[in-house]
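Both chains are given apart, each in its own frame, so use the hints to dock them into the complex.
Read off the chains here:
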Amino acid sequence: MSLPLGPCRSFSIPGEEITWAGECPWYKSYCFGTESGKVIFLVASEDGQPDVLSESKVSNEAINDVAFWKNLIGITTRSEVLVYRGPLSEAGLSLISGSLSGAHGIIATPRGRLLAPMGTEGLFCFDGEQASESLGWIDRPAQRVHNYYKVVYLGESHGNEILACATRADGLARIEFDAADANRVVSLSAPCVDLIDVCPLRSEEHPFAVAGLSLDRSLVFVRDILALSEENPRRLRFDGLQGTPYSLLYAVGQLLLLTSAEIVIFPDLASLFLDGEPLDHPIDAYHSPVQAVEAFIVSERYLMVVTDEGVRVSEIHPVALAGNGRVSPEGNLNVPVWTDTQEIPRPLPTEWASLVA
Amino acid sequence: MSVGGELGRLFPHVTQRSGYRYFFYQKHHGRGGPEAAQWATDVDEEEEFGIFNQADLFDTTDYQGSLYGIRLRLEPDRQVLVLGTVGQQVAKFPEASTGPHWHGFPLGPLQKNLGTPHPPERPLPRDALQRMVDAQLLTNPERKRLLKGKII
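Chains A and B, in that order, give the protein sequences. Using our numbering, read the first sequence as starting at 1 and increasing by one per residue. Using our numbering, read the second sequence as starting at 1001 and increasing by one per residue.
Be aware that a few hints might be false.
Straight-line Cα separation of at most 25 Å, DMTMM-like style, residue types lysine to aspartate or glutamate; simulated pairs [what the hints assert, rightly or not]:
1) B/Lys1112 - A/Asp181
2) B/Lys1112 - A/Asp139
3) A/Lys38 - B/Glu1121
4) B/Lys1112 - A/Asp127
Computed footprint of chain B on chain A; a stretch qualifies when at least three of its residues, placed anywhere within it, have a C-beta under 8 Å from a C-beta of chain B [to be verified]:
5) 96-107
6) 112-123
7) 290-298
If you want a taste of the chain A side facing chain B, the calculated C-beta under 7 Å gives, among others [unchecked claim]:
8) Ser79
9) Asn147
10) Ile196
Read the hints as simulated data drawn from the structure, not as lab findings. Cβ atoms here follow ideal geometry from the backbone N, Cα and C, with glycine treated the same way.
The shape of chain B in the complex, shown without the other chains (with noise of 0.2 Å):
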């Protein structure tokens, strides 16, 4: 399937709070160039779609509408787990509330200046790092770790 140009796949379902749809776009699945961020091997579409569908369900937002995900296990213990390709632990989803649907991808911990003419990569916000430790998905030394640029 093509959207926009770009190749990948829709979700069958949809998210269980919001109804939102789904598309994993394959930029961000091993076919992007260097400046896309990768989804880690280990995480297959179902678990991908899960962590936007947690994200939503928690309405973990930031003020300009895009949603942010963790990879969190809980058994045999708690854990945040990585979810990018070079380390990451959050995922950042695009308002796109508008839009047919949603995509993602991994967000790295530290600000990063791409250069004219692209804007800078900015980490999780705090109002939605805040609305991680409002759901307890994180904890506060979590939430102070995160936004040193630390692994949780």
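Isolated chain A (complex conformation) (with noise of 0.2 Å):
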């Protein structure tokens, strides 16, 4: 078994403390999110040393998420919503649109939604196509009320727009947007479950599958999220995991799993799921030992973890090529210490219960 993570840089940007880390399309670089509410724009050097090209300093809040679609640019914060038009120009980020309630994140869809989960307060919804005479909305179930907390797109099915929604206590929550950006959203719930994350299992042959992560650390798997409320969704636990459960992600067919003690890498555990495996063996699984504040993929392939230090890149290898991938002490890569083990997943006999909203 080798580590499925290729060689460590790190950046820090002088003076501020970064909060978010993504990839910026207008500049074709990395971008940061920073806690005195800045976003900063910036390639490295050679030498490893950041180069800030730009930064606009839109919030007095830390900035939480960023979004792109075309040139407009969703971010939030704990205290607002903003929508802006780019790219940065001398004067700034021009501001189009936004709420002065907070948001947990932002995502864009590629039709151009911007969509923010505002916990028990709704989502957020900004359609890019009619920016000019939009100015948003917070959509809100009739029926009853989502603590929404974090949304990812899925793809689309029949015309609509399919995401995938944690929505805490409220369960795993499927919305389909239609042309007319009317929604419709179907959750499962079952009592034991908080669902604090929600990651794309991209597959050709499962293209709507979907991994949930829970704060009792128990994972939730769904094959196909069109079939939610026929098809439960398979609960497991790792005995094994340390810390407060964060974030999962997934790239390249690993599950990257970041709590506040540590962050996992699952190599096989998506494809053993997909393939229909019966997932009674030992896993194989890498933990290393980080206090970090979030993690982030980028360009699908690139796995960004915010510490206090600064932020970690790595590559991240797929599956069927994860080779010799341990790090190299050269030059300034760190070098962190991952663990390999093998653990058998814990089935969690669970009682979900489905709602239309």
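Now the structure itself:
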């Protein structure tokens, strides 16, 4: 078994505390959000020191997420949702919409919807195609309050955009947006599940498969979210996990889990589940202790881990190509400690209840 | 017992440091309207007062004098537990140092605009959060996550 992660590079910005990391399609470079409310666009120089390209102070709160669609940029903090028109000029970004209620994050869909989960307030929606006429709206299902925490885009089905949403104790939700921006929410909840993250398991055979992460450290798997009310999710627990769960990520066949104490890579778990394997035998896992703030996937193959010291970036190797990826101690590369283990997941019997809103 | 027309119960003991008295309003214990934050049902009165007592002990206050607390579990492993019915992990105890007693309720992680005449519901202020880190109740990564409106 070999670590499916390449060498690790570190970034930091003097005088700033990084709270979000990703990439900017405008400059095709890394982009960071800071605790001081700035969005900073930069590229790395040859010697590994960051070159600040440009920055924009957009808030007095810490940036928790950024999403791009064409020339629009959506930015969220715990106190506001902001939609700007870019790219950045000397006058800064141009604010075109937003909300004075906070959100946990924001995504952009291929059709240009900017969507920000606002907890029990609802889902902030902004239609980028109608940017000159629309100010955005907050969507709340009429039948019941949902606690929107994390939303991800999965794909299109019958002309509708399909999303999955972690809605804390309200469970896992499927949200379908039609062309007229009307939506329908179907959710599954269970008494012990407090779902705090969800990620797509991108697969040609199962384009609407997702995995979720519950606050009790259990993992929830769904092969087809379009059949959410027909096939109950599978729920598993790995007893070797440490810390409070923070994020669940998926890239090039690898499932990655960040907790308050460590980051764990499960190289085969997603494919075993999608292939219908029984998951009753030892599963490979790599553990690395870290006290991180958050982790992100960039360009579908780079892992960015935000810590107190800055951001660590590593390439994730595809499952089939994972060779000897042990980190190299050369140059400015850091060498996190990884431990490989084999763990048998414990299936958790769960009584799911369905709701259509 | 009724205070100002609102029903509840006074806790029999006072806080260790300042001798504050604490009142459990029923509106935050399953009998409030949709706007009233609710304590989780697995937080009993002893534990709720314990969160308040800890906040007073470490003086985790904001610039206006309100106190803020967390439900910290140390065994079998350290964890900041949920204390409200919609996943809140922080409690707010509004400033009442000159009043007869204090009370508290779960505070959400995000700012909410409640519309006039209500002022916005604001999340944990930075100064109180920093005091929690200084008191070693929270780590710096946890401070940053709370500043982002994330669970810890």
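Hints, one by one, checked against the model:
For the suggested pair B/Lys1112 and A/Asp181, the alpha carbons sit about 24 Å apart, so the restraint of at most 25 Å is met. With a CA separation close to 15 Å, the supplied pair B/Lys1112 and A/Asp139 stays within the 25 Å bound. Taken as a hint, the A/Lys38 and B/Glu1121 pair is honoured in the structure, with Cα atoms around 24 Å apart against an allowance of 25 Å. Straight-line distance between C-alpha atoms of B/Lys1112 and A/Asp127 comes to about 22 Å, which keeps the hinted pair within the 25 Å bound.
Coverage of the segment 96-107 of chain A by chain B holds. Counting CB-CB distances below 8 Å, 6 residues qualify, and the rule asks for three or more. Given as covered by chain B, the segment 112-123 of chain A passes the check, having 4 residues with a CB less than 8 Å from a CB of that chain where 3 are the minimum. Proximity of the segment 290-298 of chain A to chain B, defined as three or more residues with a beta carbon under 8 Å from a beta carbon of that chain, is established by the 4 residues found. Interface hint status for A/Ser79: upheld, as the beta-carbon distance to the closest one in chain B is roughly 4 Å, under 7 Å.
Interface restraint check: A/Asn147 against chain B, minimum CB-CB distance 5 Å, threshold 7 Å, status holds. The restraint placing A/Ile196 at the interface with chain B holds, with a minimum CB-CB distance near 6 Å, inside the 7 Å limit.
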